[in-house]
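Engineer: Chains as they are written, first to last, in our numbering: chain A, 1 to 948; chain B, 1 to 358.
These are computed hints drawn from the structure, not numbers from a lab. From a predicted model like this one, the values you see are computed outputs, not experimental measurements. Some hints here could point you the wrong way.
Taking lysine-lysine pairs in the DSBU-like style, the calculated list, with each CA pair at most 35 Å apart, reads [as the list claims (entries may be wrong)]:
id	chain 1	residue 1	chain 2	residue 2
1	B	Lys213	B	Lys309
2	B	Lys255	A	Lys384
3	B	Lys67	A	Lys666
4	B	Lys213	B	Lys336
5	A	Lys666	B	Lys107
6	A	Lys230	B	Lys67
7	B	Lys107	B	Lys255
8	B	Lys213	A	Lys684
9	A	Lys643	B	Lys159
10	A	Lys666	B	Lys255
11	A	Lys421	A	Lys666
12	A	Lys643	B	Lys67
13	B	Lys255	B	Lys346
14	B	Lys255	A	Lys643
15	A	Lys421	A	Lys400
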Amino acid sequence: MADKKTVGHAYNIDFLNVVFAASSIFLFVSVLWMVWDDYDRGWKNYQRRFVQLEAEVTRVGLEAASANVDAVVLEQLRADRSTAEAELAIQEEQTVALEDELADIDAQLTLAVQRHNFAKATYDVNKYSFEVDREGDPESYTDQQVEIAAQYDEWLELGLEVERLTAERDGLRGQLAEIRRGVTGLDDQIDALTSETSRLEGRLVDLAPNFIEDYLLNAPLIDFLAPSLKVQQIITPNIFDELNFTRVPKIDRCTTCHLAIDREGYEEYPQPFTTHPNLDVYVGSASPHPLETTGCTVCHEGMPQSVSFRDASHTPSTEEQTHDWEDSYDWAESHLWDYPMLPRGMAEASCAKCHVEEVHIPEADVLNLSYGLYERAGCYACHKTTGFEGLRKPGPSLMKIKAKLTPEWVADWIRDPRRVKPTTWMPRVWYNSNTSSPEDVRRSEAEIDATVAYLFANSEDHEFAVPVPPRGDSAEGQAIVESVGCLGCHVAGDETRLGAGPRRTFGQALQNIGSKTTYEWVFDWVRNPQHYSELTYMPDLRLTDREAADVTAYLMTLGGGDPRAAEATYDQAFSDSVLLDYLRAIVPTAEANAMMAGMSSDERTLELGERVIGRYGCFSCHDIDGFEGAQPVGTELSEEGTKLLAQLDFSFLDIPHTKIDWFENKLHDPRVYDQNRVLQPLEKLRMPDYGFNSEEVQLLTTALMSFQRSVQPAAALMPGSARQDALRLGRALVRRRNCIACHQVENDGGDYRTLVADPSLAPPLLTPEGAKVKPDWLYAFFKGPITIRPWLDVRMPTFTLTDQHWNQVLDYFGAISNTIGEFRAHTIVSSRGGSVATGSELFDLLRCQQCHVLDEIPADQPTENLAPDLRMTPERLQADWIIDWLRDPQSIQPGTRMPAYWPDFPEAFYPQFDQDGEQQVRSIRDHLLTFSGGPRPVEPVVEAGDEP
Amino acid sequence: MDAIKDFFNFFADPRVFFLLTLTGFILMIWRRDVFTTPRVGYGLQVFLVLFFGLGLFDENFRLIVAKPDNVPIVGLVFLLLFFTWYSMRQAVLNDRRLDRGEPVEEKVEEDRVWVWPDLVYTELICLVLCSVVLIVWSIVLKAPLEQPANAAATPNPSKAPWYFLGLQEMLVYFDPWLAGVVLPTLIIVGLMAIPYIDTNPKGSGYYTFKERKAEISIFIFGFVVLWASLIVLGTFLRGPNWNFFGPFEYWDIHKLEALTNVNLSEYIWLQGVGVGLPSNWFVREFFGIVLLLLYIVALPVILARGVLKTYYEKLGPPRYCVGIFLFLMMLSLPMKMLARWLFNLKYIVAIPEFFFNI
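Model the full structure from these sequences, guided by the hints.
Structural biologist: This is the structure in structure tokens:
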């Protein structure tokens, strides 16, 4: 035990005193430390700093507001007020007397009200007690009943007293107000003039440093009482956090630091004080996503309850920012929250949480583009994705490949498609990062040859509609290709894939098409695409044989390309060993050997081809004989954005362990996670390489992050309606048929405008189409398009949509203008009416014919001034819309050349109808409705027996 | 440096680790006079301080050891070693006094109890210092909270609370009903039974080893070697997929261990006799059952007549039976572990027909 023993002690007490003193000091210091640790929070500093910023901004606002106040008027008002006050002073004696009297009455009234209340309370209590007693013994309580009746009368009397005093008081007040009216009226005027400045001044006073509010109440240990620095939170009742076993409303504490996120005026300040960059759409109180109900993290993700920079799961968007944050905020990847914040630029991925299964979400430009790319790259073909079901296969049918291509070209092509057509979406299946060893290359060549052999052996024959096509003129052909609209969907020059965009790479690239196929095939295809491939989306441009020949001649001049040559050779024995690998994966080795022994060498090649196509999933994108109904080969991606990190294999790759990094690396090189691994050929990753550039990778990652498991309740989603459904279906359809490559709808698309010298030479905007044209006319136009704007070279092709789809398009236009399903009166106008005559008069006065075609194209007008043929009006346009259009064309189609003839509608410059704009417009409309004889949509020819 | 790390990683292999603790245990009992010298005591603590202190420079080591959940176990290592050393030291000192014919130290000043101020004052100081430690601990180490629990993504490794890690380790070698139900019950029952089995009055109220060699050795073996060291092992050395990782090894979730285990019946029928497994479970497991009965029934009898004759006579049949049963049960854990490591033995008796696996 103890070494130092005195008589009465086991320990040296002096030493223990020292130990006790030291440990007490430690305890004191650690308690102080504890208090400080609890008090010292990063967010408090942001709130302190913000007070200064707010004062700064308020001061600027105050200066601006003061400048707005008319000083002369204010001075005059103040002077008037002084005068009025002086006048009031004369009546001071009277005023004082009135005020005294009022004070007296007020006191009496207060007492009377009290007495009245007491009486009522006593009456209620006694009444209740009487009711209870009487229930027990109905006979014997008459005394009590009399007493209650008396109490009731007393209460009524006291009420009368209150009423009398109230009336007396109001009378006195009225007298006083009357005397003071001059002053109070001026006060009101001054207040109205200075309301903004006095509000801001008051705010400045609040913001000025104050010992009690800013220091004492925020001091350590006292700051639980009523601190001015406190955590701010938004609880969103309809938006939930998924906590695996339960879902709870989100509690977003972001605004604890992001203090001005919903306030204008802080745009120039750095984070976290800056204003949201798009208050019209997000966060703003008038926006569709106000802060109070939407919060922050439903879009941005991150740990909503945390108020520390690191635990809130902020995600840097660049490497530079990462280092910066590591230095400034001690930032590190947070592994304690499954949904870290989305990096800047990727937040739109969250739109899909509530905008479920929408291919196009207005204002979400990044997400829309990323969905466009996702669709164009054909990701959905191998990877089942909710919202992308039932789409056609992204690649062309290979069922008649024999008539179109040669085996040599196909082998060159699939070895590396982008070497042949730089803008193609066809990915590279072989010669990738995990198949680059000499052995792998040999194997690849064997697989490529077998695949080609299979495709050609299983190809149907095709008879060209014109066996010996006429020869055309390539210069003429080039002019046609560049003018009729081919380039809306096809890229012919040396544009980049993303530069051209998903809409203009909708059709196969025309690059180097001359060395791909034959003149006969191109002619057959251009003349009528459906002849070769019934299900193609390529529309009929109604080219004459002569034009088709010219186009063909031009396309055949587009030669070149630098295909990748085979980099290895192999013999039959090697190709057999490859086949054996494939077979052993499905049957025992002995059986596989027996199967192979029973085949000729050609059969073995075809068998290998079939296995290879099955493994790489070529059939997912192309129709291939023998693979009808085969299941897609990729992982389903419908909930990929909410996939847990633990479900992703980072293998030996040294990258940050985040979902986004995993996706980005995968998209850059789909085979990258095979690096440094020992794998048998059939164990290797097989996703082909699309050669995505960084921007494409970023966009596709955004799309992937948007594929979320549905967590949000119905109350958070867009309310369902027929109109919403029509919008959703229509938006998808006009994108999937690429209408928006040529037409702009809902401020999206219309890429064709970049291909013409002037926007007026591009296909028309279709946003107002639903309100503008009659659905039955539009339907007829879809079926048999006619020339509406004769000055345009580009033409509306004939599409092969089903009636169901055309109806979706019509409903979509109707839904945009909210005229869906409306019955409208057929306005039939008699040409003899007086209104028509005045209309005709105005029609001439306003010189409508100067720009509008009326059988003939007006002479000497630049194309941008030209407008459609008015003879079509009665059949084509909605009668109501014509009125809206004439009144205010700019509101319907901003930037239109149509002049606003009634800028101050209903006032008018023109004398007709006593300058009544309403009647004038109506008369012009009536006049237009008497026109006839314009072009009409061509009735589609229906063969007898066909479905009409 | 890497060589040193590899050296320690090598010792962290469960087989080596177990042999090492076992050797340490035997050495400690055998050379207790050396073990209990202050030089060895300080030496061991200094070694541990150096090991943990220098080890912290390694990222993988730091991740495991400095994890807020695991910090108490680090403390446990130091405290366990200290108290084992201290009690052994006191025992050895008393044994020497007894050898010299002197009374034990606890009996020397039997007439005094130093309560005031010695006991009360030191208790107060301990109270203050413990408060300091707890406050500083709570400031410096954040509460080890994790993300919301998810049934679809359980933590890997999923570890029991530290005091159950010994049990979890047993699950590797035994069927769950044995490791999770029977053995823990026996531990509790056994602890309750000990006072009735061990009626030796010596060593009561004072430290001694000589007078209670078997009792103390069995206790230290059961508590330190089998229980506490398995907690340490489970905390620091069991990583993802319950695989073993050296203290300086990266916890790679992809690390694989070749674990192909074989039942005793398969050894006997397939490899020994060279025929297929009999279809009747009793015939198939006959040898295992015989072995088991030999261990539980025959062995105590043989021991009572041979090595443990004196004990048998001293304790009498009922105490002997209960005591030897508990002892054999305790020993079954290291034996099964050895059998697993040496022969890849899965079960001695495996009757999946009615979930009876031993």
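Engineer: For each hint, tell me whether it holds in the structure or not.
Structural biologist: The hints, checked one at a time:
1. With a CA separation close to 17 Å, the supplied pair B:Lys213 and B:Lys309 stays within the 35 Å bound.
2. Annotation: proposed proximity of B:Lys255 to A:Lys384 holds, straight-line Cα distance about 32 Å (limit 35 Å).
3. Restraint check: the Cα-Cα separation between B:Lys67 and A:Lys666 comes to about 32 Å, which is no more than 35 Å; the hinted pair holds.
4. Among the hinted pairs, B:Lys213 with B:Lys336 is consistent with the structure: their alpha-carbon atoms are about 26 Å apart, no more than 35 Å.
5. Taking the CA atoms of A:Lys666 and B:Lys107, the gap is about 76 Å. The hint is violated against a cut of 35 Å.
6. At roughly 31 Å between alpha-carbon atoms, A:Lys230 and B:Lys67 fall within 35 Å of each other, so this suggested pair holds.
7. For the proposed pair B:Lys107 and B:Lys255, the alpha carbon gap of about 58 Å is over 35 Å, so the pair is violated.
8. At roughly 62 Å between alpha-carbon atoms, B:Lys213 and A:Lys684 are farther apart than 35 Å, so this suggested pair is violated.
9. Proposed proximity of A:Lys643 and B:Lys159 is supported: the alpha carbons are some 24 Å apart, at most 35 Å.
10. Of the supplied pair hints, the one linking A:Lys666 and B:Lys255 holds, its CA atoms being roughly 23 Å apart against a limit of 35 Å.
11. With a C-alpha separation of about 23 Å, the suggested pair A:Lys421 and A:Lys666 falls inside the 35 Å cut-off, and the hint holds.
12. Our distance criterion of 35 Å between C-alpha atoms is met by A:Lys643 and B:Lys67, whose separation comes to about 27 Å.
13. A threshold of 35 Å between alpha carbons decides the hint, and for B:Lys255 with B:Lys346 the separation of about 22 Å falls inside it, so the pair holds.
14. Of the supplied pair hints, the one linking B:Lys255 and A:Lys643 holds, its CA atoms being roughly 23 Å apart against a limit of 35 Å.
15. A C-alpha spacing of about 21 Å is found between A:Lys421 and A:Lys400, which places the hinted pair at or below 35 Å, so the restraint holds.
The structure fails hints 5, 7 and 8 (numbered hints given earlier, in ascending order).
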